[in-house]
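Chain A is fixed; fit chain B onto it per the hints.
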Amino acid sequence: MNSAMVKSNARKSKASRFAKTFVIRFAFYFLLCALSFIFLYPFISMIVKSLMTEDDLVNITVKWLPSRATWSNYSIAFRRMGFRRYVWNNVLVCAVGTLGHVISCALTGYAFARYRFRLKNILFVVVILMMIVPVQVIIFPLYKQYSDWKWLNTFMPLLVPTFFGFGLNGGFFIFLFRQFFMGLPYEMEEAARVDGCGPLRTYARIMLPMAQAPMLVCCVLSMVWHWNDYFEPTIYMSGKPDYRMLPSVLPSLYDLLNKENHTMIQVNELEGIIFNEAMLMAATFLCIIPIMIAYLILQRRFMEGVERSGLTGM
Amino acid sequence: MTVKSMPLPKQKRRMGIDRKRSLEAYIFLIPWLVGVCLFFAYPIFVSIRLAFSDIVEFKGLKTAWVGLENYQYIFFYDIKFVPTFLQVIYDTLLNTPLCIVFSLVIAILINRKMVGRGFFRTAFFIPVLLGTGYIMKQLLGMGVDGTTITTGIMVPKLIAELLGASITEVVQGFLDRITLVLWKSGVQIVLFLAGLQGISGSLYEAARVDGATEWEMFWKITLPMISPVIMMNVIYTIVAFFTDGTNPMVDYIYKMNFTNQQYEYAAAMSWLYFIFALVICLLCILLMRRHIYDSGSKS
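If you read the protein sequences in the order shown, they are chains A and B.
With the first letter of the first sequence counted as 1, position 208 gets the number 207 in numbering that gives the first Met the number 0; the numbers rise by one all the way through.
With the first letter of the second sequence counted as 1, position 96 gets the number 95 in numbering that gives the first Met the number 0; the numbers rise by one all the way through.
Simulated from the structure, these hints should not be mistaken for laboratory data.
Keep in mind that the hints are not guaranteed to be accurate.
Unchecked claim - Some residues of chain A that are not near chain B, with every Cβ distance over 12 Å (derived): (1) 16; (2) 30; (3) 77; (4) 145; (5) 201; (6) 204; (7) 209; (8) 218; (9) 237.
Unchecked claim - Cut-off 20 Å, straight-line C-alpha distance, at most; resulting in silico cross-link-like pairs (PhoX-like, lysine-lysine): (10) A:143 with A:239; (11) A:119 with B:61; (12) B:19 with A:143; (13) B:254 with A:19; (14) B:61 with A:143.
Note that the Cβ used here is the ideal one computed from N, Cα and C, for glycine as well.
This is chain A alone, in the form it adopts within the complex (with noise of 0.2 Å):
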């Protein structure tokens, strides 16, 4: 009888357990599932809008779904916006700045965590300063001066300074591969230094192909970065058409709409199409498409690189 007792209160505190891990289980994902919510929001309706018809627009009770998908919507605003001219410019951008930052950052890096030399406490200051000081604060004298080297409506204002390790958020990508080649073990360039290995070439060989992890964290970061970025390019851009980029080319698209006091649709007589607020979540989802994509090819590997590149090691 005793042991019956036993077995059956084990039973019930079995029974309460398993209740009690599937109500926080539960809740767990719960909670997930409405946070993921509203970080998809934006981008959710913004998919949605794309799809809806000028009806399902002004019609209240569409909210969610569409009644039926217009795919139309996205091959106005493919033509209106100019997608195809100004892609290249993003993706050249990108391609060239990416690279820019990962040559010179790992470079700068490299020296700040792996020398010890005069002024190193005051450079790296500089370098702190450089993720501190934003960029409108200097915009203007940067403008004059490029503008005094002709360098406005040419890529070179946002392509060159990224070989010198600035550009966007250009400290900050020092700082990342400064950590990651702290945490390195020092007998790597003694052997080197041993071997007879200059110093250049113990980097090329020896300590860059090991600094994968923070190079693709750069890349990743470097790319998106530069892909959204649209501050910069509308300034130094704003001159030549030819030269824009993606999202300099949608606020172009965005005034249309808002100037003419908010009223949903707009008819462009010059090109005969009816341009309206679906047409215009279609060009800003294309505007994301492709950065997108990259991002989602290279997410396990970027996640893997943030955790090994010793950045929040400080």
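Same frame as chain A, now just chain B:
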């Protein structure tokens, strides 16, 4: 005798090596140093000079020293600067802690083993891909008859009726703010995730053997171990909020520069703005430094 004379040449040689190493370092730094001069130090110098002067001739940027006149104008004549500035400070002070807390919670949630981990990890990075700049700004301000996209997360009607209008407004404002903050915390979540991965599992194991609960483990292990990342994220978040394209102050400075073309005035404003950001960052570092766990492995 030979023993005594040994240390001297050795020391001399080491100094030589030091100098050589120092030279090597500068070889590595050459491109960056050139960049500092061209793209950083000189523009900063020009910008500081502008902040205290008046442009006499635009070509060649000839300026005349006027001292603090620009700043006088900011504080005594410009009716827009001070309110905007206060608004930005208020937003930053409120958003930064929210951002840090939420991204830490999310990072802890998606750090465990579970179904659909890859999906969640991607989902939380999507806003970063959407663009921190213009696209986001427009998506937020988008919409007909003044409704923004944030109205997607509304206070349910029943609760709204129970609470009354004024409280509902506060709650709704808070929800809107959280949504906005969450969309800007992709990078922070990734950094926290990396930090959590870096904590050795044996610590948790030892704690579990000693009978610690999850709650205790969070406060006694996770939080101290992750404190350097918190510090870094705080700085990153403050800077990101201050320089964000959706920030009204940044917008104002931009307009002053390129629409009104009052470059001296814009420079003065942006320096004031930047110095304030710097002071906030330094304050955070000073306040947090004592509570940061130092593993002692790195400088």
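Status of the hints after comparison with the structure:
| no. | hint | result |
| --- | --- | --- |
| 1 | 16 | holds (15 Å) |
| 2 | 30 | violated (7 Å) |
| 3 | 77 | holds (17 Å) |
| 4 | 145 | violated (10 Å) |
| 5 | 201 | violated (10 Å) |
| 6 | 204 | holds (15 Å) |
| 7 | 209 | holds (16 Å) |
| 8 | 218 | holds (15 Å) |
| 9 | 237 | violated (8 Å) |
| 10 | A:143 with A:239 | holds (17 Å) |
| 11 | A:119 with B:61 | violated (35 Å) |
| 12 | B:19 with A:143 | violated (39 Å) |
| 13 | B:254 with A:19 | violated (57 Å) |
| 14 | B:61 with A:143 | holds (12 Å) |
Hint check: violations occur at hints 2, 4, 5, 9, 11, 12 and 13; the rest are consistent with the structure.
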